[in-house]
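Peer 1: As they're listed, the protein sequences go chains A and B.
Here this note's numbering = 1-based position in the first sequence + 178.
Here this note's numbering = 1-based position in the second sequence + 178.
The hints are simulated quantities; they were obtained by calculation from the structure and are not laboratory data.
All clues stand as given, with none of them false.
Far from chain B, some chain A residues (derived; all Cβ distances over 10 angstroms):
1. 256
2. 272
3. 444
To spell it out: a stretch of chain A is covered by chain B in this simulated footprint if at least three of its residues, at any positions, have a beta carbon under 8 angstroms from a beta carbon of chain B; those stretches are:
4. 261-270
5. 377-389
6. 573-583
7. 594-603
Backbone N, C-alpha and C define an ideal beta-carbon position, used for all residues, glycine too.
2 protein chains.
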Amino acid sequence: MDGEFVSRERDRMLAELGEFLAIPSISTLSDHAADCQRAADWVSDELRRLGFPVVEQLDRGGHPIVWAESPPVPGKPTVLIYGHYDVQPPDPLDEWKSPPFEATVRDGKLFARGAVDDKGQVYCLLKAYEAVRDGDGLPPLNIRFIIEGEEEFGGHSIERLLQEEPERTEADAILVCDTSYYAPGIPAVYTALRGICYTEIEVRTAQRDLHSGNYGGAAPNAMETLCRILGDLKGRDGRINIPGLYEAVEPPTEAEFASWQELPFDMDDFLTEEITARSLAGQEDRSVFERLWALPTFEIHGIMGGFTGEGAKTVIPARATAKVSLRLVPNQRWKTALGQLEEAVRAVAPDYADIEVRPIHGADPVQVDVTQPAFAVLDQAFTEVVGRGPVAIRSGGSIPVVASLGLRGAPVLLTGVGLPDDGLHSPNEKLDLQQLWDGVAIFGRFFELFADQPV
Amino acid sequence: MDGEFVSRERDRMLAELGEFLAIPSISTLSDHAADCQRAADWVSDELRRLGFPVVEQLDRGGHPIVWAESPPVPGKPTVLIYGHYDVQPPDPLDEWKSPPFEATVRDGKLFARGAVDDKGQVYCLLKAYEAVRDGDGLPPLNIRFIIEGEEEFGGHSIERLLQEEPERTEADAILVCDTSYYAPGIPAVYTALRGICYTEIEVRTAQRDLHSGNYGGAAPNAMETLCRILGDLKGRDGRINIPGLYEAVEPPTEAEFASWQELPFDMDDFLTEEITARSLAGQEDRSVFERLWALPTFEIHGIMGGFTGEGAKTVIPARATAKVSLRLVPNQRWKTALGQLEEAVRAVAPDYADIEVRPIHGADPVQVDVTQPAFAVLDQAFTEVVGRGPVAIRSGGSIPVVASLGLRGAPVLLTGVGLPDDGLHSPNEKLDLQQLWDGVAIFGRFFELFADQPV
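Produce the complete structure using the sequences and hints provided.
Peer 2: Following this line, the structure appears as structure tokens:
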């Protein structure tokens, strides 16, 4: 590995990454389809610049999937790198201190939508590859990249590809860099991801909006009905009132509980720096780690309908729709949870309401066995660069494709160089530049060390 | 009165009214301030065309108030006509069958925002005036117009004017044409209006939006908190859970109850044609009329915050705001109700939430004594034109200025030529043209008959 690479190429890397981050590749918004294509092109061009002889864009009905193979290095293992070039919408826009699609460095941090999730981390792996090439441009082992554009959107293109052409993801290890350190200075590798069941719940009570002066008091109000239903679906005690939802939940092992107890955790910091709230929500009899990693959640993301403009409009909304998701934990299945949610909604809905529960996307939870040898190699790479190996924790997030990627038996290394305060999906998302530079070195060393693994 | 006026001038009237309706004078939206001015100018110009020697636009800090005096007719009584040129916002736009600001006739009905509320009815009174002028352009009695631009917005300009210059509304009768028939063929005069307390309730649980993958389960969700609060504020039984709210409510008299029992009412029609719902909401032990006219209401009009775009964003909203109004009935006071609402919200809010209840506008309820002589004159005018006089009913709506208009003792005749299915404040608001033509004749006859009243 080129030890001078990072210090020498820093300015060029910032410029390149800035270019990538400037593309508003928001996969959930159809207006931005062309930007998703531009982001795919950017990744493809970069892979070609790095000497990948095979770079393809695969179309499975949605945004293109970039797939690339490095020059073959016979007799060496293969690492598959998964990442995504799409990003979340930037709203609320007015809370950004600098424009979300103009990467801006302040105080050693790079601010932009996608800085850490996941463009910055994809870029980090591209540069790790660049840093470990030899004089002929050859890497120490075989590398495949698969970079998709529907991660934030729950698109099905990559699932379709994996079903149709599973050989494209054949590898001896799969590296997924879309998560963060446990805390500054404490890298992490993940033993589980939560699943997700993202839905829209629509309530209709009339054919048209009504005037509350004319009909208020006798006409049903869809917004009120929706609020009451949603209010009922989770108790003040933090427990979700969806019959059957908790039945499949597999609790963590005693060993896992014990390991969580050893993690440094400062409640004041968590409240003030991370969740920026006065106190915790959720089930009081459960630890923070259980609430975040080992229990399903119910979140209302937004509510549509009625009048939300400036001033006053005295409308009785005829329909109201909530965006609601459940996060799911090991042994739950998202389609089962969807059915349970739908039944629970119907059970508490009044007779005068028509209810529709529409699935937007779903993913089952994932568990990873981190005792496989590839994890020891990752541990060594981290230790050499930042002085310590990763702690094994869970993630409360979901990376839908991981379940499918792991189906063929290769170990899936879920790790990353983000920090907990990076503001994923929020205004002012950032990536600490030191984390980026460390990441280039860590994953470069991982490639070199893993090259010595038996195939 | 010119008996041929309506049949002769129909086309011109449709063209003129179409011009007035084309102005998007949405008073609640600051972007439309210039349109409100244009609507005020349109009314002023029309009054000048009709020969009003005094036409003024009065500025009390908001949209202008048009005030005009007809040529003096000594020894005759004075009728003050109140109306408003401002309209509600047209959203949801995609539910309009023709553009809201392009008046369109279909099947004998004129569709446009403001067709009945209140531009169409203001126009009706202007034409009634035109129809009763004599050969010299003189009316049979003294007429004053006061047409404001903040009725839909709860603006304070007119209240300020009435306080500062009460002599401008001096009259022997005040005619307010901003309501509708009880049913097709059954005109109405109103004995009470509900008051209103329109608010925004904001819940804040964190400094910034969070990612539900990172923090879902442990971080408070402002949207969920708001839904639970709102769900709690009204029971499934239709009773509002705001302590003290019902205390001041003065129930209708036995006579009033009895008169309501005589009103024709078809529940099936009410459900399918009017509220377009499967069943009623509200307190089951109360009649429809009580629910609409004699009990306070609680309505959620819309909810802001979080993510409401296309697709999926897994945000935990840090803040959420609901537009909520209470309608109030005789003897309640809106400022008292506001305080009670605020206390009730705080009482059910969890510790981790910051709550703000912001008043947007308010009006006290109104009661009118319809035994005064002017009401007999109105009865005769209706009877001559449509064959029957108005029934005395209440309105569930609020016309904030009426309380102040009536303070000087003149009878306030609350009536109108709308029909219950006009879709006020909704998409496809309409005015039946026959109602408009009848209205021109009814109010023309009212002016002539009232001219004979002793001053």
